Amino acid sequence: MEAQSEITSVSNGDNVDSEFDIVKCYRKFLRDNEDMSMPIAAIESLIELIKQSKATTISEFMESLKNASQTLKSSTRNSISLSAGTDLFLRFVTRTSHDVTNLDACKEHLMNSGKVLVEKAAAVRHKIAELGVQFIKDDAVILIHAYSRVVTLLLQRAAKYNKRFKVYVTESRPTSLGVRSSKILRKAGIPATVILDTAVGYIIDKVDAVFVGAEGVVENGGLINAIGTYQIAIVAKTANKPFYAVIESYKFVRLFPLNQYDLPTHTPDLLTFPDLSSSTQNDDSESIPSSPLTCHEHKHRKDSDGSSGGYPDLDKAANIESAQDFESNNPTVDYTPPQYITLLCTDLGVLTPSGVSDELIKLYL
Amino acid sequence: MDHEGQSMSASYEDQWLLGSSESKPKGVDNLSRSRGLSDPGNKEKKTVINSASIATSSKAIKRISGGIGAGGVGPSSGGVGSSPSSRVKPSTEGGLGKDKKQLTETISASPPKSSKRQSPGGNALFVQTAATTMMTSANSTGKKSMKEMTKAERRALQERQRAEKAARSSPNTAASKKAPQTNENVTPTPSEKAGSNTSGQFETIPVTKKSNVSGGISKGTNTASAPKEIHPAVLVLGLQFAEYKICGANARCIATLTAFKKVIQDYKTPNNTTLSRHLQTHLSAQINYLKNARPMSVSMGNAIRHIKWEISTIGYDSSDNEAKELLCKKIDDFIRDRITVSDQMIVEHGLQKIQDGDVILTYARSSVVQELLLKAHAKGIKFRVIVIDSRPRLEGKKLLKCLTEAGINCTYAFLHAVGFVLRDVSKVFLGAHAFMSNGTLYSRVGTALVAMMAKDNHIPVIVCCETYKFTDRVQLDSFVMNEQGNPNELVNISTSITSKPGQLAGWLQQPDLKLLNLMYDLTPSQYITTVITEIGMIPCTSVPVVSLRQDFKRVQVSAVLQGTYDFFVFINKLKRTKGASST
Chain D
1 MEAQSEITSV SNGDNVDSEF DIVKCYRKFL RDNEDMSMPI AAIESLIELI KQSKATTISE
61 FMESLKNASQ TLKSSTRNSI SLSAGTDLFL RFVTRTSHDV TNLDACKEHL MNSGKVLVEK
121 AAAVRHKIAE LGVQFIKDDA VILIHAYSRV VTLLLQRAAK YNKRFKVYVT ESRPTSLGVR
181 SSKILRKAGI PATVILDTAV GYIIDKVDAV FVGAEGVVEN GGLINAIGTY QIAIVAKTAN
241 KPFYAVIESY KFVRLFPLNQ YDLPTHTPDL LTFPDLSSST QNDDSESIPS SPLTCHEHKH
301 RKDSDGSSGG YPDLDKAANI ESAQDFESNN PTVDYTPPQY ITLLCTDLGV LTPSGVSDEL
361 IKLYL
Chain L
1 MDHEGQSMSA SYEDQWLLGS SESKPKGVDN LSRSRGLSDP GNKEKKTVIN SASIATSSKA
61 IKRISGGIGA GGVGPSSGGV GSSPSSRVKP STEGGLGKDK KQLTETISAS PPKSSKRQSP
121 GGNALFVQTA ATTMMTSANS TGKKSMKEMT KAERRALQER QRAEKAARSS PNTAASKKAP
181 QTNENVTPTP SEKAGSNTSG QFETIPVTKK SNVSGGISKG TNTASAPKEI HPAVLVLGLQ
241 FAEYKICGAN ARCIATLTAF KKVIQDYKTP NNTTLSRHLQ THLSAQINYL KNARPMSVSM
301 GNAIRHIKWE ISTIGYDSSD NEAKELLCKK IDDFIRDRIT VSDQMIVEHG LQKIQDGDVI
361 LTYARSSVVQ ELLLKAHAKG IKFRVIVIDS RPRLEGKKLL KCLTEAGINC TYAFLHAVGF
421 VLRDVSKVFL GAHAFMSNGT LYSRVGTALV AMMAKDNHIP VIVCCETYKF TDRVQLDSFV
481 MNEQGNPNEL VNISTSITSK PGQLAGWLQQ PDLKLLNLMY DLTPSQYITT VITEIGMIPC
541 TSVPVVSLRQ DFKRVQVSAV LQGTYDFFVF INKLKRTKGA SST
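As they're listed, the protein sequences go chains D and L.
Note that UniProt numbering numbers the first sequence so that position 188 is 188, with each residue one more than the last.
Note that UniProt numbering numbers the second sequence so that position 465 is 465, with each residue one more than the last.
Worth double-checking, as some hints may not be accurate.
Think about it this way: if two alpha-carbon atoms lie no more than 25 Å apart in a straight line, the pair counts; the simulated BS3-like pairs of lysine-lysine are [claimed, not checked]:
1) Lys54(D) with Lys115(D)
2) Lys206(D) with Lys160(D)
3) Lys127(D) with Lys160(D)
4) Lys241(D) with Lys455(L)
5) Lys187(D) with Lys166(D)
6) Lys237(D) with Lys329(L)
A short, non-exhaustive set of chain D residues, derived as facing chain L with CB atoms under 10 Å [unchecked claim]:
7) Gly221
8) Asn259
9) Asp334
10) Pro338
11) Gln339
12) Gly349
13) Thr352
14) Ser354
15) Val356
16) Ser357
17) Asp358
18) Leu360
These aren't lab readings, by the way, just hints derived from the structure by calculation.
Since this is a predicted model, take the numbers as computed values, not measurements.
Glycine included, C-beta positions come from ideal geometry on N, C-alpha and C.
Okay, chain L solo, but in the shape it has when bound (with noise of 0.2 Å):
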């Protein structure tokens, strides 16, 4: 089974160092002066001791698979990578777009691999950017033989001469390509901090402000310079992922799979290929695209998988129409069933476990939670809900009003204070992200607290997950896979819309001082007593018999019935006739 966290970390590779080429916009020049790095002179001395790191950092790109082993070197490094934004001050400069090119150019150290895994990711894009410098001064002191360079710098050379054939080809790249050799040797430097502590280099890189809007990892989020290819309704969902204004795995894979289903319509197979194959690597451009805004869900990764599937299965003969017509509607279905109906169908079974004098517990904010709490409530059952919020996303301010408007009794608090309101609770309900397949639950950051504390009350954890949202990794702690959110979000601690800045207002003057968002958390399995799905109530530990053995692909609910016993009767009635086709 290809593993998601590999594949993504092979096309990272890829789409950063296609960027690095392409997509640099023309404020470059600015930044790189205002560093005071522009002149060729630092730039050899730099490359040179940059060679010294390399062979320490490129350990580190074949470890980097195995994401778990980077942890030696992955720290220091961790902490590194997300140093070169930290040295950025928010931009005061007016205008999103040019936010965003000075975004992009000074966050080529610290791309999304690092938002996407805080060790490996930082190193990988050192080494990767090392050795594209390498590549500058190899061109200029003379050409190093392709065996001593790693299959990173081999790659990257590569893409240097993929992107000079474009260049030559293009007039507009050509100016741009100037820029990212000049910026490339500020990425460096945090890396030699890591190798051969030079702090003093790391002293002169002077403070630039920028843009506090995106998420301050994230890069290619720059409309006016993302490949031609890409649809604009993507453009406008990677936008919306890096703002964070779609948020939540529901709401984020149904943003993504309506934007594909644009994307399919306007599609036109070009004339050497079949729909088949091009679609999955002009989805892919897409997709790659989208990763740079905000790292993907396991919830889009598995939709995603689907429609690539899909897609794989349409024949040769079918016209462009049929077959795109045929797609919107395996993507209509995959929504309705997956996710639609099975949060109807969760909802139904989660509300056999809400009595009348119910106290009920829920942290931030998850869409089947939420439904199931107003489905409660419509029904007439009597009971309370505690909403536990944390900072700095603050989601369950949302969730809150939504229920007080529909009248239920809520109290909130934040999540400091959940050992002190567990005393009346009788019963957690949580969301999910993501469920590995060793029954490990990973959902918003801070939610293995409240589970944890709960199970030590002897209070039920009830999780509600749609099966499409299990995967087969296998995670054992929350550091070795995670997302980083902005860190300058922790500066503001205002609870309100005005922000108001803490004591933390500083930081980036401190070079001892990073402030670390992470957005995930994992929650072993014995903290958690039943989850829900669409098929009924199981245990934490038959969560990967259920990924195995049903077979998703062909396992269609066309409408919501009433009941397990009529679901399981259509089901039955399904399997035979599949079974009788089958054969």
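Only chain D is shown next, with the shape it has when bound in the complex (with noise of 0.2 Å):
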């Protein structure tokens, strides 16, 4: 999911050539305000850089531009969602150069049109859940994973329409965040409870629907969410429950995924298998970890060591050092084709996934 995301090693936050660290700034912006997801914050930081451009030209604040955004793509381990928002801004940017040819005259306006921008993202949140509130029956029980900014908003939304439901949480290991969105549910008065990511198939049954966020939606519509998603998908298809992808039209992205493994995220390192050849290998460190419980609540927005967060002696205990190795060897994310996916609630209507291709041909074409 979007927030644990964050927890990567800072690698080149250094390197950029001006003054202007754009990384740090956009990690300012994620910090200060909770609710502010990835790829605004992206354009928040392109435009903080836009005001301190010292770029004579527009060719070279382009270039600045793109160069920036580029370096925000690669300092986090999944840029997914985040290049959505600089693709978006940069296309915008594009546009508003080839009309405004005076540099100072183009800035003020990305300026202010980038401010409009982050304003209407803030609102294109609860027109969501206004669309989405009208797929959650009476009596429903749902199914969510992991931690979406949107999706508890729907289920609010739902709650506060006097709509009586149940909700069933996935943990959603490593980040367990799953964890985080049962206790937002319960503070506004839904029923919630959390399942382990393994007993999806168990409650299968029980479950009316199924709402998932997204990182990103892709040109065919299929989406890029937690690792878990794809499963959730195919289990609900094969019962023939619907599975509905809530999503806001800025993350939108120009990736095409032939399969699990033509995502960016996605690197030959991941998943790889050991060398038991060396004889320096302890044996204990393929072992699982023997505390499931201990639940890593990954604090995102704290900038991370890759340590576990503070537990040392359970470290040693559980030999959480190794369990940090085999999750930094997982992926984080995956994609679930479109056929899985019954329909997206975006901010521009209810869609169906050939449907997101459409709109996205509309956009650039």
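Two chains, two separate frames, one set of hints: put the complex together.
Written out as structure tokens, the structure reads:
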């Protein structure tokens, strides 16, 4: 999910050529504003860059923007929704730069429009929540996965409309963001239970609908979301339960993955097999940590140095260092093909997966 | 929107009727004699029987435009449609021209239409031939009232009268006029078989040898008897098409456009009319000749429609030379923008999907896929290719040669082995002949098999297709619209240059055996993962959106733009400037 993707090693936060460190700025936006999603934070930081840009020609200006967005993308491990935001903003910038030729006027225009864009983005979630409420019927049992701001907003809105429903939330290891979701829902008066990720098949027959958010929607209408979404989608399809995706339209990404391994987040070092010939390898390092209930509540927005977040004695007892190894060896997002998705609730309306491509073509052509 | 199939069927009818009276060569008398049908007594008998079958087959004529509706009457007559040609053995006489002459008259029963559409075509032509025969019988037994004739018969009558008029003015065609009358008596007999099962008459038709060089179904490639206004470049092209010397949608389209450029350059507007009006008719004549040689591909159809649109927009005041120059430039632009540069863009997009370690499977030979694989190899990506091929065309061999010469590691297998090799495959790249509006792929026969097997194995199927091949047509199965190749190709089981006949060598003698050599098939959209076009990668379901939204007549890419980003920048800029100029 979005939040946990912030836990990455800061690799190149310092090698931006200008004094303006876009990655720091981006992180700052995320820290200061709980509700801001990654793409919006990226756009905000790009606007900051425009404010402080020392470029004198339009092409230099464009170059600096392009480089900054590249830097941003490479700074986080999971950059899909971030790249959706930066691509959208860059497209907007390009269009403006063709209409307005004066650099200063261009900058002015961009900053104002950027502000408007960010404001619109905040309102977009509420619009989606309104649209999505119609899919929750009275006495429904909903299944959600991990933590998505839009989905929780939707459920809260439905509760406000006095709809009675219950929610199963998957724990979604290794980030355990599902626990967070359940807390928020309970506060809103919605009965919520955390289930194991592995228990989705077990309860699917009790469920009436599945709602998930997304990091990004790809060109064919498929989703990129926290790891585990694809599994839930397959189970839901087999059990004939509708699978709804709830997503803002600025997260439409210009990607077309052919399968899981065609994602930019899939690197060759993921899910590799260990080299067992080396003698220094500890046998225990391959064993599964024995404390499943120790949730690594990775507080997002804090700089992570790769450690387990402050439980040193448990580390030793349960070999958490090795757990860290296999967690970092595992993917954080997966791709759900469009044939498993029933409908997408976006601020552009309720779309079918093939409708997403039509919308994208309208945007781009 | 003009349904391409329908407009072509209309012109096929016209062309066929025109051709039947004008383009009959001199050698036909030999043939009719050898068939023992030259005596008038026989003729009378056959025409009388024919009128009975006309009633049933005239219904089919009305359904032909529907295409699918003729299914009921279709298959039997479709099968019969091919049988006249199947009744004729390969000729051993030397000389291409002579062979072609015999070819044209013997297959007057199974003209291009049946090669284009199996069932409806056969019917229509039989009705027409029957109709013309009826004319002759009517002339001898008393004039039939106009009301009783069907539309096709009336048109046939008109054509006959027109031909007679032309014959009166030129003595040449007078001799040939007699020939069709005797000849057409041959053709109704197969329709009788469909109608009344009088198989006896079928067997009395002796088998004559004919050349197996040309398509076997096509007619009108007789260069000696082609209408006078056909440009020599088009004559050459027609022959090349009929003999499958030029194969592949892109190649055929470019060859056609290049030939048409020559036609336009040599064209002189007649005195009483303007270029924009007359040139279209002039070109239509050339197009009809090409259609007779081999049915038009969707790519050719779209290109020609584009040219005709360009012609129609030429002002009345521009001089001949200006107009011709402009048209040639437009044709060049079309080839460059919609084919050459589009192919380059497709390769650019496709390169993103080829990684080190990939095992790529491809079927038959697509020019774009070939370009893509060569470019990927040149870029240094380490991958290997499995080329799947199929008889009788064996087009994969050319691709294999090209790839191995470039140093790519290749495997070659036939279509029946595709299930076995799919185990190792990581991606499948396919080419396209056309894309239907419902997202189905119309491509070389066998493509559907490969796509379905790959999908079953969860292997992504990627189709590379330029947007000019998108058509508004919707086709639900492979039979409604297809092209038939020469059935004799199936007899030769050799996979090398020397031909080797197999078990089917005696198929002409067997009355119940027919060979079907289909050229294309349909792949439903759920088996295709993505389509790579010059505007990017889109899912199959978005094909109709693209052809609706982009106003291709105005978007022009003037150079190869690096990367999608710049391409979109350019397009956006163009859109805005065009928008500004139009308001």
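(request) With chain L as the partner, please determine if Thr352(D) meets the hint condition of a C-beta pair closer than 10 Å. (result) holds (9 Å)
(message) Given a cut of 10 Å on the nearest C-beta pair, is the interface hint for Gln339(D) held or broken against chain L?
(response) holds (8 Å)
(message) Restraint: Val356(D) near chain L, CB-CB cut 10 Å. Satisfied or not?
(response) Holds, about 9 Å.
(message) Under 10 Å is the threshold here; is the Cβ of Ser354(D) close enough to any Cβ of chain L for the hint to stand?
(response) This interface hint holds because 4 Å falls under the 10 Å limit.
(message) Holds or violated: Lys54(D) and Lys115(D), Cα atoms, limit 25 Å.
(response) Holds, at about 20 Å.
(message) Holds or violated: Lys206(D) and Lys160(D), Cα atoms, limit 25 Å.
(response) Satisfied, since the Cα-Cα distance of roughly 24 Å is no more than 25 Å.
(request) Could you check if Asp358(D) really has its C-beta closer than 10 Å to a C-beta on chain L? (result) With a closest approach of 5 Å, the Asp358(D) hint holds.
(request) Grab the minimum C-beta distance from Gly349(D) to chain L and call the hint holds if it beats 10 Å, violated otherwise. (result) Where the cut-off is 10 Å and the nearest Cβ of chain L is about 16 Å from Gly349(D), the hint is violated.
(message) Tell me if the straight-line CA distance from Lys237(D) to Lys329(L) falls inside 25 Å.
(response) Not satisfied, since the Cα-Cα distance of roughly 54 Å exceeds 25 Å.
(request) Grab the minimum C-beta distance from Asp334(D) to chain L and call the hint holds if it beats 10 Å, violated otherwise. (result) This interface hint is violated because 15 Å lies over the 10 Å limit.
(request) So, Gly221(D) near chain L? Judge it on the closest CB pair being under 10 Å. (result) holds (7 Å)
(request) Would you mind confirming whether the straight-line C-alpha gap from Lys127(D) to Lys160(D) stays at or under 25 Å? (result) Roughly 15 Å separates the two Cα atoms, so the pair holds.
Hint check: violations occur at hints 6, 9, 12; the rest are consistent with the structure.
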